[in-house]
Amino acid sequence: MDLLLFEKVKLGYNGRVVLEGVNLAVKKGDFFGLVGPNGSGKSTLLKAMLGLVRQRSGKIIWPLGMPRIGYVPQSEMVDPIWPMRVRDLLHLTLCSLEPAHLLHQNEHARVGSVMELIRIERLANQTIDTLSGGEMQRVLLARALIVKPDALFLDEPTAAMDLVASQRFLSMISELQKEKEMTIIMVTHDLQCLVGRANSLGIIEQGKVYSDDAEKLLTSERLSQIYEQPMLVRKFDGNTLIYPDSV
Amino acid sequence: MLDMIIEIYSYEFMKNALAVGVFGGGLLAFLGIFVHLRRIVFLGAALPQIVAMGIAAAILLSASPVLGAVGGGIAGILLLSLSGKNSHLPPEGWIGLSFAAGGSVAVVLVALSPAPDGNVLRFFTGDILGTSRVDAKWALYVALSTGILFRLFWSRIVITGFDPIMSKTLGLNVHLWNAVLFLCLGAGLGVVMNTAGGMLAFSMLIGPPAAALILFRSFSAIILTAVLAGAGASFAGLTASFLYDLPGGPTMATAALIPVLLAWPIKLLRTRYHAQG
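Chains as they are written, first to last, in this note's numbering: chain V, 660 to 906; chain W, 374 to 650.
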């Protein structure tokens, strides 16, 4: 069942066309990975999905109706001068949707359960300016989950993390997707980090979006066509590795 | 000491000045927290100039200066929030233009006014001792209205300021909650400037909340400190101006900056104490 459809969508800013003729479909419950180099337009595409940028032409359709959205920005987007403890940030987000006095007590307990789910209980009383990049990203994930989203949008969530923190975070996202049957839409510049996690992909290359099931897209032939250079997809010790043939 | 203070505030003009100082100062100190957190301090500097233009326009048109001040504040906020869109000039450029235009046009409008006397000029330089009971009531009403709005919509005003993009994805109307904050800011600056001038208004908007933000990392402590520092600075400055025959508004404006001077050493001592402990 399609959750989100793009039909011949054209996107741009101030007279500049960023992406044209975008066709893609995100199915309900999918882990959809959107990959592209810096400046390729992946953030613009994400913004269009979120309704933050209007398309110039074409259609963006939510066939099942607009879902409740959880959004996880890059941790650098958060201004640490705001005097907020992690617990306060989650409470404020919850209360912004409904006034605090109307929220059932169980809803307040939800802050605790989400912190437990994301394993950030020990950060509850820390202010956001004291968090590391990885901790901040987990807090932002908790904030997105507090609103009980149907679809979770992540914008380069591992950009400020080291390799270990990045792998842990991505595993957490995969678990969430399977346990909660949540639709995940994740933007990244690192195709490799999506291998084995995303079941459908959109690859942006030279202003075009190639979208398909991950299995169909992650082949040497298909990637070589998209990147216009020889690419290799190899299984190694149970893991799939992707690299240019020249390496 | 107490007898002396009671005597000072037995005069009607001192009571009115104190009321505007405490209500208006406390209000601007509270709103200033958001001016700092949203990194729009320069907007806070330009706004009093636009408010001055509103007052001057009201005087020229024989309308109420209070309405001119509040209207100027709100119009200024709206103009400045719209001016940066789809423009190659950065927001700071628009703020600088507003600062220059507001101040200069206000003086020209006053010169064109049928009665450019000292009573008119007090709106620019500030004459807190000339405050009337009506002015004090306006300050109280605006402070109360702001308090009620923030009490009712606290989480929405804070979260839309903290992360507007995420707020939009949650379906929150970011423009509406920005407008609520800016409306309160425009009205607050309007009532204080109308009686006390731009210098005091800007000092109250920036000084007490800066001290609170230096000292604390929780909203409740910051708000309490900023409001008490704003109100306290008004009282201290006004009392000192009476005792030492100093100009009221500038003395209060200076007093509003003292909490910042105190906050730094307190912060340093506290950091050293925690490091040792």
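Some hints could be false.
[What the hints assert, rightly or not] With the C-beta cut set under 10 Å, the calculated list includes, among others, these residues of chain V facing chain W:
{"id": "1", "residue": "R713"}
{"id": "2", "residue": "G717"}
{"id": "3", "residue": "I720"}
{"id": "4", "residue": "V731"}
{"id": "5", "residue": "D747"}
{"id": "6", "residue": "I779"}
{"id": "7", "residue": "R802"}
{"id": "8", "residue": "V806"}
{"id": "9", "residue": "M831"}
{"id": "10", "residue": "L835"}
{"id": "11", "residue": "E838"}
{"id": "12", "residue": "Y902"}
{"id": "13", "residue": "P903"}
[As the list claims (entries may be wrong)] Here are the computed distance ranges between Cβ atoms for each label pair:
{"id": "14", "chain 1": "W", "residue 1": "L525", "chain 2": "V", "residue 2": "S833", "range": "37 to 45 Å"}
{"id": "15", "chain 1": "W", "residue 1": "L525", "chain 2": "V", "residue 2": "K718", "range": "22 to 30 Å"}
{"id": "16", "chain 1": "V", "residue 1": "Y886", "chain 2": "W", "residue 2": "V478", "range": "57 to 65 Å"}
Treat the hints as calculated values from the structure; they're not laboratory data. The beta-carbon is built from N, C-alpha and C at its ideal position, and this holds for glycine as well.
How about V806 of chain V: closest beta carbon in chain W under 10 Å, or not? With a minimum Cβ separation of about 6 Å from chain W (threshold 10 Å), the hint on V806 of chain V holds.
Against chain W, is P903 of chain V within 10 Å by beta-carbon distance? For P903 of chain V, the interface hint is violated, since the closest Cβ of chain W sits about 34 Å away, which is over 10 Å.
Going by Cβ atoms only, is V731 of chain V closer than 10 Å to chain W? Since chain W brings a Cβ to about 9 Å from V731 of chain V, closer than 10 Å, the hint holds.
Restraint satisfaction for L835 of chain V [CB to CB of chain W, less than 10 Å]: The hint is violated - L835 of chain V has no Cβ within 10 Å of chain W, the shortest such distance being about 18 Å.
Classify the hint on Y902 of chain V as holds or violated, based on whether any CB of chain W lies nearer than 10 Å to its CB. Not OK, violated: Y902 of chain V not within 10 Å of chain W, min 34 Å.
Closer than 10 Å between Cβ atoms is the bar; does I779 of chain V clear it against chain W? Give me holds or violated. violated (17 Å)
Checking hints one by one. Is R802 of chain V an interface residue toward chain W, by the C-beta closer than 10 Å rule? holds (8 Å)
A closest beta-carbon separation below 10 Å is what the hint needs, so does I720 of chain V meet it against chain W? Because about 18 Å separates I720 of chain V from the closest Cβ in chain W, which is outside the 10 Å limit, the hint is violated.
Holds or violated: is the Cβ of E838 of chain V closer than 10 Å to a Cβ in chain W? With a closest approach of 22 Å, the E838 of chain V hint is violated.
G717 of chain V was flagged as interface toward chain W. Is the shortest Cβ-Cβ separation under 10 Å? violated (21 Å)
May I ask you to test the hint 22 to 30 Å on the CB atoms belonging to L525 of chain W and K718 of chain V? Taking Cβ atoms as reference, L525 of chain W and K718 of chain V lie about 39 Å apart, which means the hint is violated.
Holds or violated: 37 to 45 Å for the Cβ distance of L525 of chain W and S833 of chain V? Since L525 of chain W and S833 of chain V have Cβ atoms about 41 Å apart, the given range 37 to 45 Å holds.
Hint violations for this structure: numbers 1, 2, 3, 6, 9, 10, 11, 12, 13, 15, all remaining hints satisfied.
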